[in-house]
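Protein sequences appear in the order of chains B and D.
Numbered by full-length UniProt numbering, the letters in the first sequence go through residues 1 to 436 in order.
Numbered by full-length UniProt numbering, the letters in the second sequence go through residues 1 to 319 in order.
A hint or two may mislead.
Facing chain D, from chain B, some residues (calculated, C-beta under 8 Å) [claimed, not checked]: (1) T38; (2) T42; (3) W44; (4) N84; (5) G87; (6) E105; (7) T109; (8) D398; (9) V404; (10) E405; (11) D415; (12) S417; (13) F421.
Restraint-style ranges between C-beta atoms, simulated for each label pair [claimed, not checked]: (14) E168/D to S429/B: 37 to 45 Å; (15) I137/D to G90/B: 52 to 60 Å; (16) I137/D to S246/B: 19 to 27 Å; (17) D420/B to I296/D: 23 to 31 Å; (18) D420/B to M184/D: 46 to 54 Å; (19) F76/D to D248/B: 45 to 53 Å; (20) E219/B to D84/D: 44 to 52 Å; (21) P158/B to D77/D: 51 to 59 Å; (22) D248/B to L49/D: 49 to 57 Å; (23) T50/D to N131/B: 28 to 36 Å.
Hints were generated in silico from the structure; no laboratory data involved.
All C-beta atoms in this analysis are idealised placements derived from N, C-alpha and C, irrespective of residue type, glycine included.
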Amino acid sequence: MSIKKATTIGGLALALVGSLALSACSSDSDGGGDGKVTLRFTWWGADERAERYQQAIDLFEQDHPDIKVETSFTDFADYWTQRNTDGTSGDLPDVLQMDMSQIQEFGKTGLLYDMSEFEGNQLDTSQIDENLLASGKVDDQLVAIPTGTNTLALYYNPDLLEQLGIAVPDWDYTWDDLNQFIAEVSEAGAGQDPAVYGNGDYTTVWWMFMQWLVQQGIEPFAENGEMNFTEDDMREFLNTTEDLRSQDGMLFPTARADQLDPVSGFGAGESATEFNWDNFINSYAHDLNNENIRMLPVPTGSDGQKHMFFKPTMLLSMGANTGHPEEAAELIDFLINDPEAGQIIGTDLGVPASQGRLDAFQPEEGSLDQVVIDFENQAREQGAVSDPLPVEPQGFGDLENEYVEVLGNEFGYGDLSVDDFVDQWFSESENLLVTD
Amino acid sequence: MTVTHAASRASRAGSPARRPLNKRPSRRGAETRAGYAFLAPWLLGFIALTAGPMVASAYLSFTDYHPIRGGDWIGFDNYTRIFDDPRFADSVKLTLEYAVIGTPIKLAAALGVAMLLNNRRRGQGTYRSVFYAPSLIGASVSIAIVWRAMFNDDGIVDKTGQIFGMDEGGWIGNPDRSLPMMIMLAVWQFGAPMVIFLAGLKQIPDELYEAAQMDGAGAVRRFLRITLPMLSPVLFFNLVLETIHSFQIFASAFIISNGTGGPANSTLFYTVYLYQRGFGQGQLGFAAAMAWLLVIAVALITLVFFRTSRYWVFYGEGR
Numbered sequence: 001m002s003i004k005k006a007t008t009i010g011g012l013a014l015a016l017v018g019s020l021a022l023s024a025c026s027s028d029s030d031g032g033g034d035g036k037v038t039l040r041f042t043w044w045g046a047d048e049r050a051e052r053y054q055q056a057i058d059l060f061e062q063d064h065p066d067i068k069v070e071t072s073f074t075d076f077a078d079y080w081t082q083r084n085t086d087g088t089s090g091d092l093p094d095v096l097q098m099d100m101s102q103i104q105e106f107g108k109t110g111l112l113y114d115m116s117e118f119e120g121n122q123l124d125t126s127q128i129d130e131n132l133l134a135s136g137k138v139d140d141q142l143v144a145i146p147t148g149t150n151t152l153a154l155y156y157n158p159d160l161l162e163q164l165g166i167a168v169p170d171w172d173y174t175w176d177d178l179n180q181f182i183a184e185v186s187e188a189g190a191g192q193d194p195a196v197y198g199n200g201d202y203t204t205v206w207w208m209f210m211q212w213l214v215q216q217g218i219e220p221f222a223e224n225g226e227m228n229f230t231e232d233d234m235r236e237f238l239n240t241t242e243d244l245r246s247q248d249g250m251l252f253p254t255a256r257a258d259q260l261d262p263v264s265g266f267g268a269g270e271s272a273t274e275f276n277w278d279n280f281i282n283s284y285a286h287d288l289n290n291e292n293i294r295m296l297p298v299p300t301g302s303d304g305q306k307h308m309f310f311k312p313t314m315l316l317s318m319g320a321n322t323g324h325p326e327e328a329a330e331l332i333d334f335l336i337n338d339p340e341a342g343q344i345i346g347t348d349l350g351v352p353a354s355q356g357r358l359d360a361f362q363p364e365e366g367s368l369d370q371v372v373i374d375f376e377n378q379a380r381e382q383g384a385v386s387d388p389l390p391v392e393p394q395g396f397g398d399l400e401n402e403y404v405e406v407l408g409n410e411f412g413y414g415d416l417s418v419d420d421f422v423d424q425w426f427s428e429s430e431n432l433l434v435t436d
Numbered sequence: 001m002t003v004t005h006a007a008s009r010a011s012r013a014g015s016p017a018r019r020p021l022n023k024r025p026s027r028r029g030a031e032t033r034a035g036y037a038f039l040a041p042w043l044l045g046f047i048a049l050t051a052g053p054m055v056a057s058a059y060l061s062f063t064d065y066h067p068i069r070g071g072d073w074i075g076f077d078n079y080t081r082i083f084d085d086p087r088f089a090d091s092v093k094l095t096l097e098y099a100v101i102g103t104p105i106k107l108a109a110a111l112g113v114a115m116l117l118n119n120r121r122r123g124q125g126t127y128r129s130v131f132y133a134p135s136l137i138g139a140s141v142s143i144a145i146v147w148r149a150m151f152n153d154d155g156i157v158d159k160t161g162q163i164f165g166m167d168e169g170g171w172i173g174n175p176d177r178s179l180p181m182m183i184m185l186a187v188w189q190f191g192a193p194m195v196i197f198l199a200g201l202k203q204i205p206d207e208l209y210e211a212a213q214m215d216g217a218g219a220v221r222r223f224l225r226i227t228l229p230m231l232s233p234v235l236f237f238n239l240v241l242e243t244i245h246s247f248q249i250f251a252s253a254f255i256i257s258n259g260t261g262g263p264a265n266s267t268l269f270y271t272v273y274l275y276q277r278g279f280g281q282g283q284l285g286f287a288a289a290m291a292w293l294l295v296i297a298v299a300l301i302t303l304v305f306f307r308t309s310r311y312w313v314f315y316g317e318g319r
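Next up, chain B with everything else stripped away, as it sits in the complex (with noise of 0.2 Å):
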């Protein structure tokens, strides 16, 4: 016996007491008696992101007088638990921003609206690289539109390193030179106040994690949804930084972390490296109040190659509910290509997906938008960027989340043993990823 979403008995709840709500939904979507046309926008992100969003908006409906467009938008985490209940009760916003880690899930059940309809009408998807497109389609269907691609940074404070007099480290540097290097950084940082630390503890990083696996030649998930990668490999993995976290002091201390949140170490200026994607570089700068942050990429692998990759971020996607399909991929469309709106979001989103609003692009010199297309350039100059995408199979945002959220907080109070971290992950994935 199977159910299906909001159908059976899940639904049957559900419709007994949406049934009353139902009515009071259903006319609010359409703007009142104005004749206009609400279209409902939500995305994850910080302020920063949303006084972007919002400016370009205000000049979509400058342009659109009939459209009005409706904002929310919350942190990444709470992001997906509310796009969840929206999705089991088939009311997802018209447009909404869409991550590769749960393009599957929302893909795969039928929840996104397929746009190819639109292309080449309301939707311009010419500017965009065939394969980058691709990234966007499940089952053939067009359910997401790549708004730009982004990859893994090491983010560096100069002005900090600058004061403890610590080098930055070469572009071609190791683990091991990464290691030594927080070391000294948070032996010199120690009698700052508050103390100055080298980096976290990199090892709970989802993303570190896959992308060291791809340095070790290593394809995380197949197609299909398994997993190509051991205990064994998690293990040896969390063992890079044991001699760090052996010692006191060495690493970004949790503790500090969820003091600080939502502000992050590097952010707060108290650990002068981090790791993230390269379009976070608009928040940190938000955060710090100092536009002085540059990047680095990932460290070397042992095979002298970086295997870096670039992914598609922030795809913008269409509840399959939507009452207002034309209107909505209009809106996906401004927010794609409009050179002006293009002006206004700079690489926020990452490196603009659509060639041509990057040929419009022209970011002020010694700007932060200018940083991060000068490190993606050098990057795919030195030869940094390698490999493809690793597959993102369904669930893999379940996956993510228990590696970094559940487990990796635990482990960084030290209240879990690596060979537990690696165990309970194990087990715990079994009911988190789906495979074919």
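Since the structure of chain B is provided, determine the placement of chain D on it from the hints.
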């Protein structure tokens, strides 16, 4: 119209002799129907908002239902999985600690303040309102946010501690401090049980105290021999209510930990974990099973309270 007239005439006619006996049941039937008609709004609400979802939740607890993927019947798998889950055990332990330590402290605080307020003095009404205020606003999200700011590093609590030479940083992010902090937040909201205690204290006849005082009973003795026994029904009521309440702790822990149950699972109370499983990870079947275990546990605990109450709750003469 005619029906109404006929009905009203019939009811005015009144005399039992004129109404044949065999008509009685039908009149009762009409009354019953009217009763149900009046009950209908509540009943519909109960079925749609409480009973229906509970039945659905019971069913879901035997499936691996996911909000997006749907689910299949998996029998008791969720329940067996729960008992193998180390985090489940942690959350149960934490919630029990919270209830066992927090409830008595909260009740003691409520009773203590109620006894102070029971003396006649000027401005008593104001005091009562002031002490009750935290209960009104305490469960709100904003208080948890304020609480988070107060206990953060260099927050007011940390700063005050520093004056007295205790610089131990923020309580947020310190797993050892989380439970005491959550208990303090709960104890601070002692207003509701306090008001109930106060009402109970007013019921105790002054003669009892006067007689005892004349016989030379001291304050402690009067408290133990008169106040506590006379107050025991109220105490029982508060104990049951507050215990159930503490098992349901959610909002404050959720806000203070930003929904993570951190640091290091130290605010991962039962309902927070349930929420994470159900809505964070989409394992609604698992979460439904957890919810039912909580219902059963709370029911059992309440049952134990009621069963043992006969040994210590005093309902006046005769038991």
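The hints, checked one at a time:
no.: 1; hint: T38; verdict: violated, 25 Å
no.: 2; hint: T42; verdict: violated, 17 Å
no.: 3; hint: W44; verdict: violated, 14 Å
no.: 4; hint: N84; verdict: holds, 5 Å
no.: 5; hint: G87; verdict: holds, 5 Å
no.: 6; hint: E105; verdict: holds, 6 Å
no.: 7; hint: T109; verdict: holds, 5 Å
no.: 8; hint: D398; verdict: holds, 5 Å
no.: 9; hint: V404; verdict: violated, 10 Å
no.: 10; hint: E405; verdict: holds, 6 Å
no.: 11; hint: D415; verdict: holds, 5 Å
no.: 12; hint: S417; verdict: violated, 13 Å
no.: 13; hint: F421; verdict: violated, 12 Å
no.: 14; hint: E168/D to S429/B: 37 to 45 Å; verdict: holds, 38 Å
no.: 15; hint: I137/D to G90/B: 52 to 60 Å; verdict: violated, 36 Å
no.: 16; hint: I137/D to S246/B: 19 to 27 Å; verdict: violated, 46 Å
no.: 17; hint: D420/B to I296/D: 23 to 31 Å; verdict: holds, 30 Å
no.: 18; hint: D420/B to M184/D: 46 to 54 Å; verdict: violated, 31 Å
no.: 19; hint: F76/D to D248/B: 45 to 53 Å; verdict: holds, 46 Å
no.: 20; hint: E219/B to D84/D: 44 to 52 Å; verdict: violated, 31 Å
no.: 21; hint: P158/B to D77/D: 51 to 59 Å; verdict: holds, 54 Å
no.: 22; hint: D248/B to L49/D: 49 to 57 Å; verdict: holds, 54 Å
no.: 23; hint: T50/D to N131/B: 28 to 36 Å; verdict: violated, 52 Å
Of the numbered hints stated above, those contradicted by the structure are hints 1, 2, 3, 9, 12, 13, 15, 16, 18, 20, 23, listed in ascending order.
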